[in-house]
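Peer 1: Per the numbering used here, the sequence shown starts with residue 659, numbered consecutively.
Mixed in with the good hints, there may be bad ones.
[Stated by the list, open to error] Using C-beta positions, here's what the derived DEER-type ranges look like: (1) R1675 to E1106: 25 to 35 Å; (2) V914 to E1106: 35 to 45 Å; (3) A1335 to Q1274: 25 to 35 Å; (4) Q777 to L928: 35 to 45 Å; (5) T1341 to K1283: 24 to 34 Å; (6) T1060 to N867: 16 to 26 Å; (7) N1397 to K1283: 49 to 59 Å; (8) A1535 to Q1628: 21 to 31 Å; (9) S817 to Q1628: 44 to 54 Å.
[As the list claims (entries may be wrong)] DSS-like mimics (lysine-lysine), calculated; alpha carbons at most 30 Å apart, straight line: (10) K1349 to K1222; (11) K1222 to K1320; (12) K747 to K784.
For the record, the hints were derived by calculation from the structure and aren't laboratory data. Note that CB positions come from ideal geometry on N, CA and C, so glycine has one too.
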Amino acid sequence: MPVYSGLQNYVREQLLLVVAIMVKRSSVEEGSEIVANFLTEVSHLISSGDSTMQTIGCSILTALLNEFSSSTRASDVGLTWEAHLMAKKKFERTDLKRLFQFCLQGLSELNKVVPPIAQDTAKLFKKFLIIAEQVLTWNFQFAMLLPRKLVGMFESQQSPALRPNAEWHDVFLDPNVIGLFYKLHWQVRENPDLCHHTLQCFHQLASLNGSVVNKKEDRCTYLRWFIENLLNLLSSGPLKDYEAIGISNMISRLHVFFPAPYICTLPVELLQAYLVKLTELTCHFAERASQEEDAQEDKVYMEAFEHITEAWATILQDSQYFPADLIRQSSIQIFNHYLKTHLSPPDGTRVATTNTPAEIDEIEEDDRVKYRDQLSAIGVFGRLITDHSIPILVKLLEDRITRLHGQLQRIHQLAGAANNDTSVLDCLNEDLHWLVMISGHLLTSISEGETSLIPIEIIRFCVLQADNVNVQTTLQVLASPTHRASDIPGAEQTTDPVVRLISAVFRMCEVEKRALEANLTHLLSPEVSLTLVWFLGRFSVCYLLPNETYYNEMSLILTQAFGKDTEAGLWTLDYVIGKLESNLSLWNSESKLVVETAHTLTTVLNNTERGDKAIQCSSLINLVKKQSSGAYHNLPTAAKRSILKSLVIVGTANKVADVKEKYWTELLKPLQDRFQAVMCNPTFPQTYHTKEVQGEVMDLIECLTGVVDGCTLTNLNDLLPVLNPLFENLVKLVDLYHNYREIVVMIFQVFCVAAKRILCYLNQAGAKILYECCINMIRVYAKHNSGKLSREASAEEDQYQDILLLMQLLTELLFKDFIDFPATGPEDADAQISAADVSLYGLSIIMPMMSADLLNFPSLCVQYFKLVISVCEVQPAKICQIPADLLKSLLSSIEFGLTSYTSDVSALCLDFLSILALHIHRTSLQGSPIHTALEPFLKLVFDMVLHQPLDADLTQAASGTLYALVCCYQTKYKELVQELINSQSDPVTAQRLLTSFNNLSANMTLSLDRHSRIKFRDDFEKFITEVRGYLCVK
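Take the sequences, apply the hints, and build the full model.
Peer 2: Have a look at this one:
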């Protein structure tokens, strides 16, 4: 074998790559054993003892692995995709294991080198480790001719699970192999570059599965070896910073592939030692992660901590497999350590930060989002040890709140004294921020899409405490947020701990509220206030006025404190609403806080029981009065909308007719009067452009949006008589404010919300009113904008928010034909206008405006094609009847969308063609203008599916479209097939193509029933996989 030791590295590597390519081509074209013979030659280089020869040997092996591993890594050498896959499969079956054994042989020799490792040896070390990593990340699952979408899925995996076949049993079931990699890691531990590769090998070895360890005893044996070596590593001293993520990720992966039923088979001493070490490691990562929270660089330990808690999640999910005492002790240790690392001295070890809250807000994302995963994990630990965690949190919270209250009182009494040191307050606020977040995650466990319930661990803890609890004392503590719990007789001994923890948060809310009223806002933390609002939202949806039928068991004290038919429950609801209302009034300088408060108000009230009871709360009545008087005029848009939506929800939930009618009047009459005052003011046509009048108009539109967003089938009869006249006023405002894009956008948003929230509940007569408003508004918009929309070079996407919203509105209107739950009421026999009519009219207005430049904006592009496909789905017949020039523009945009934009847009265009072609075939429109216009798309789609690198998700859509087009244009399809066959220079390929098409056509019934289409889709999947295999060349 020639060697190239005297060449530059780059040149040598390229030459060796050429050699690897030649070997691959020979193995494919000649079917010889050239690879085996070549590997024998390489083995001589590796075993030569000469580091230069060994380096060359490693480069050859790396090149071979790259060439044979997949069709995407391989060089473009003119082989068909099918040939690449066959070469991979053969190499995997006959040569890969042998290559790995050469690698292990080389690594074993290097393992004898005594540190420190010389630079030349380190380079060789790295070469061998990279080869080992390549083999361990080899995608054994992908060894056959598969559909393109599966190929994309497999080959895009960065670290596919290690799943070799049974022939590798002797390799991986040899304890020396795992031991070797751990020894290697220990050997290169001081070298971050080499350490990275050994950690990657661990990561893969932790995922061993499949037929190679098919027997449970084999898996358990392998796991035992792995854990023994891991413990030796972890016990050898503290981890390096650069090891943390790799080790934690490997442990997390180990628990995924070797879950509790396997881990529990470890010898008792080994399992205990492992869990103890895992606990220590978790505490270490938690401590180091807390020190990174204010750092701007890579947060290594934060990521490591989250990986390690993922491993704990699998343990705690199946905790019955593990010793209960050990799990309890681990939970206590981890919970305590997390608390300690997030509290200031002397209770904790948190390092003081130099960032101000304002700086944090600008630089960092929300803590409740950023730390959600780790806080959820700590909440799980806390719920396993409620008798330990809840009393600790109560003590710490009450202590910090008392100290904060004292500090605020002292500063207030020293008003005017020159003392700007707020370090004590900052420490207390940071402590409270974390204590409230931890308490919230302990008391609640909320999963998106699931009903939020009180965790069963909390209920059982309360039940166990019942004999030591005095109900009256507990309720007194709850209802006394202005007093310390310790000042209430008997509270220390007889208060329910869960209620006391919630009461502590209420007391914090009260301290903050009183400080705001005393104009001490500058001493308070908006971040803590946000956390309190977050807590109140989570608490309310889980605990406040719960539906007891959802529970198999329930605590009496929780029912008495927060139940729907209790005085305490009503008091708590009133208190929560009152606290949120005070934020809206007193924290209005903090936009983010106000918006979150308003959203939380909606969350709290968006429940039948809480909405019904809320009308009895004085804080809610106060909120309505403030809203009606314009007290919230200066709040952010999102906040104003949420407030109105919340208040509409309350009116809807109320069950007493007289009370409801009075409530609607108090809420809606002021809005009507304000609209009337603006629209009927004789000076309005002259003063509409002034800042004051614009502000009033915008406020009214925002409030109206909130009311519309609160609409449901239940309240529609009450709200429609108010809303319809206001909708008509909005059309007039579009005409007047056509040059004020912000106001036009806001009006379009009102109609978008109306189409989404109201339209599906309207009968035909009611829908007609909304349709007419939309048509009139579109007409006005077109009058002022036709010919004006063009993209400037520096234009931003949000400058076209109006046309984007208009397209969203037209799309939303079409859903009336899919989702229709009309309220009972008289129908209008003359009401012939439909959603499709409105949308088609709107489309005819929008299409000339949508230039290629505008379609380059992603959101505009996607929304335009969504509108087009929606119209086609609802009324394909009307698409076929549109004027010739409009049809030409429409089909041109579809052709452009198929090839020029993202796969999402291409999929929409394919659906459009499919729907239209099926309609043409069903209604026998052969020879019509639309039939002629659609014919060129058959060749376009035909070429697309056979030759272009289709996105993985497009294959199925393309098959459906091709089938529909073939149904319409059978003769043209046969011509295209024949052209393709005739174009092949290789007779063998031409014959294979003919056979493939004959097989596909033999099963093609060209019927439009669902069974035939599904059958074609499945047959087409096999066909396209086969044909691409020998047509597509790489």
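Peer 1: Work down the list of hints and note, for each, if the structure agrees.
Peer 2: A quick look at each hint next to the structure:
1. R1675 to E1106: 25 to 35 Å: holds, 33 Å
2. V914 to E1106: 35 to 45 Å: Given range 35 to 45 Å: violated, Cβ gap about 22 Å.
3. A1335 to Q1274: 25 to 35 Å: Taking Cβ atoms as reference, A1335 and Q1274 lie about 32 Å apart, which means the hint holds.
4. Q777 to L928: 35 to 45 Å: holds, 39 Å
5. T1341 to K1283: 24 to 34 Å: Hint holds: Cβ distance 29 Å, inside 24 to 34 Å.
6. T1060 to N867: 16 to 26 Å: At roughly 55 Å between Cβ atoms, N867 and T1060 fall outside 16 to 26 Å, so the hint is violated.
7. N1397 to K1283: 49 to 59 Å: violated, 37 Å
8. A1535 to Q1628: 21 to 31 Å: Given a distance of about 23 Å, which is inside 21 to 31 Å, the answer is holds.
9. S817 to Q1628: 44 to 54 Å: Distance hint for S817, Q1628 holds at roughly 48 Å.
10. K1349 to K1222: Distance ~47 Å between K1349 and K1222 Cα, so the pair is violated.
11. K1222 to K1320: holds, 24 Å
12. K747 to K784: holds, 27 Å
Going through the hint list in order, the structure does not satisfy hints 2, 6, 7, 10.
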